[in-house]
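Using the hints, position chain B against chain A.
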Amino acid sequence: MTTEVLAPLPLPNELTAAFWDGANQGKLVIQRCNACGHFQHAPEPICANCLSFDLGYSAVSGKGSVYTFCIPTQAFHPWFEDKLPFVLAVVELDEQPGLKMITNIVEINPDDVKVGDRVEVTFSPLGEGFTLPVFRPAAQ
Amino acid sequence: MAKKNRVAIVGVGYSDVSRGSGLTLDKLTAQSSVAAMDDAGIKPTDIDGVVVHSFPHQFVSSTHTAAMLGIPDVAFYSGNVDGAAYSVAAMHAIAAIASGSAETVLTLRTVHKAGAAGGAALLGPQRGIPGNMQFSMPYGSFTGSHWAGMYMQRHMAMYGSTEEDFGAFAIAQRKFAVANPTESFFHEELTMDDYLNSRYIAKPLHLLDCDYPVDSSSALIFTTEERARDMKQKPVFFDSWANGTTAEADFSLVRDMTHSSPWMAAKRMWSRTDLKPSDVNTAGLYDGFSFIAMQWLEALGFCGEGESGAFVRSGATSATGSLPTNTDGGACNVGRRHGANFFIEVTRQLRGTAGDRALPNKPEVGVVSNAVGGFAACALLTAE
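Protein sequences, first through last, are from chains A and B. Under this note's numbering, the first residue of the first sequence carries the number 147, and numbering increases by one thereafter. Under this note's numbering, the first residue of the second sequence carries the number 3, and numbering increases by one thereafter.
Heads up, some of the hints might be wrong.
To be verified - Below, in silico cross-link-like pairs of lysine-lysine (DSBU-like), each with a Cα-Cα straight-line distance of 35 Å or less:
no.: 1; chain 1: B; residue 1: Lys6; chain 2: B; residue 2: Lys269
no.: 2; chain 1: B; residue 1: Lys278; chain 2: B; residue 2: Lys236
no.: 3; chain 1: B; residue 1: Lys205; chain 2: B; residue 2: Lys45
no.: 4; chain 1: B; residue 1: Lys364; chain 2: B; residue 2: Lys177
no.: 5; chain 1: B; residue 1: Lys205; chain 2: A; residue 2: Lys229
no.: 6; chain 1: B; residue 1: Lys177; chain 2: A; residue 2: Lys260
no.: 7; chain 1: A; residue 1: Lys209; chain 2: B; residue 2: Lys205
no.: 8; chain 1: B; residue 1: Lys205; chain 2: A; residue 2: Lys173
no.: 9; chain 1: A; residue 1: Lys260; chain 2: B; residue 2: Lys269
no.: 10; chain 1: A; residue 1: Lys229; chain 2: A; residue 2: Lys260
no.: 11; chain 1: B; residue 1: Lys45; chain 2: B; residue 2: Lys234
no.: 12; chain 1: B; residue 1: Lys177; chain 2: B; residue 2: Lys278
no.: 13; chain 1: B; residue 1: Lys278; chain 2: B; residue 2: Lys6
no.: 14; chain 1: A; residue 1: Lys173; chain 2: A; residue 2: Lys229
no.: 15; chain 1: A; residue 1: Lys229; chain 2: B; residue 2: Lys115
no.: 16; chain 1: B; residue 1: Lys6; chain 2: B; residue 2: Lys234
no.: 17; chain 1: B; residue 1: Lys45; chain 2: B; residue 2: Lys29
no.: 18; chain 1: B; residue 1: Lys29; chain 2: B; residue 2: Lys236
no.: 19; chain 1: A; residue 1: Lys209; chain 2: A; residue 2: Lys173
no.: 20; chain 1: B; residue 1: Lys177; chain 2: B; residue 2: Lys205
no.: 21; chain 1: B; residue 1: Lys205; chain 2: A; residue 2: Lys260
I should point out that these hints are in silico values taken from the structure, not numbers from a laboratory.
The following block holds chain A by itself, in its conformation from the complex:
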């Protein structure tokens, strides 16, 4: 008997559901303050820039650059055992200085990734109704 390996799934809540809904529709959306226009990720109940509670989500271009990355070679969750090595990265989005997200870089040999590389969003099915926004080298 084998045990099925299950993906680590997000547990959406009122703050985060729009992010996952957007990904399922092939859109990268990020929490944005309706009062001052400030983007923030991860989402919070208040805008750290102007303290407004009037927050929504806004689509972004999906373009950015690799701030940093590492190449995990040990899985700390069974889901990743057959995915090693992969690229775990922080991507800085073009919309706002310092607006960053944790993600994966795909469609490239891990050893060819460099800090500063231009990347664009793509979408990777996680299963069970979830899609992960991930990044690949930007088209020239």
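Then chain B, alone, in the frame of chain A:
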């Protein structure tokens, strides 16, 4: 204006430390507390404050600890699960004594080796990932090793540092560990090949960049200068201390990974003293991962920005260098004490109880530090 009480360290102690003794968190806590009281030459009734830092999933209560030790009534207590590990307990105790809230405070950090195993272990059987971890774990980011590898990569990209630079730190620190056989788990010197051939956990992070998970408890006792003068040990004093944080709470999302919270804490600490980096004779710099100690070397101004690798390679952090660093061997070798070992070792060096490991430069000023990323703390200790 009332003068703040000057705060001294008067006792230090460890529990049994092992890779799996089966000792409970409470028993470890009791062991280190008794060792620190013995070192200070005091009894539980001499203590009127207890401060503990622990992981939320391995919580150790300060009020329960006081009761367990037969301390009849505490004037100050706090049990913390947030922030920069042992230094949180130290900072609370300093604040309590300096303000007159308590006179003699027992500070503790107790940890079981599984404590930092990371989010996957914390999730347990639960399927959905709650809170902000849902933006990291589905991507495979589960442990400190993941952000640590990314901090190293950023430093390498910004300054041209290499894996050999981080290896130089691991090698230099191991030399101290070999000279501390009763506390170190490792007894052979390292070569660069040993380091480079140790497996990657999250490239560029190697296994030998990581602290060593153990079951441990560490205790230090702080008191006022007046009381300290009457105690068994030569007191060591806090000259200056500070916390620092980044605007972003997530370690992976801080604005500038090569200038994270150690820079804020260091700047604040130096602004509160007349001492300068050149006055410091020994350092205990947190090495949960080797790059952390190296970020502290830069943040504290012991070397230029991006130059920690060259500084370590020069021998400056060795026993005969200008800044002997992590002279007990560091947490990579004596095991994860989550910051407390640096306060204990620098205290032993400054008061002259380091035995045959006493530094040839007879240090009079030491610096200690804890954590990186979103939150950090540091302090200057003086022999007088």
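Which hint numbers does the structure go against, in order from smallest to largest? Failing hint: just 3.
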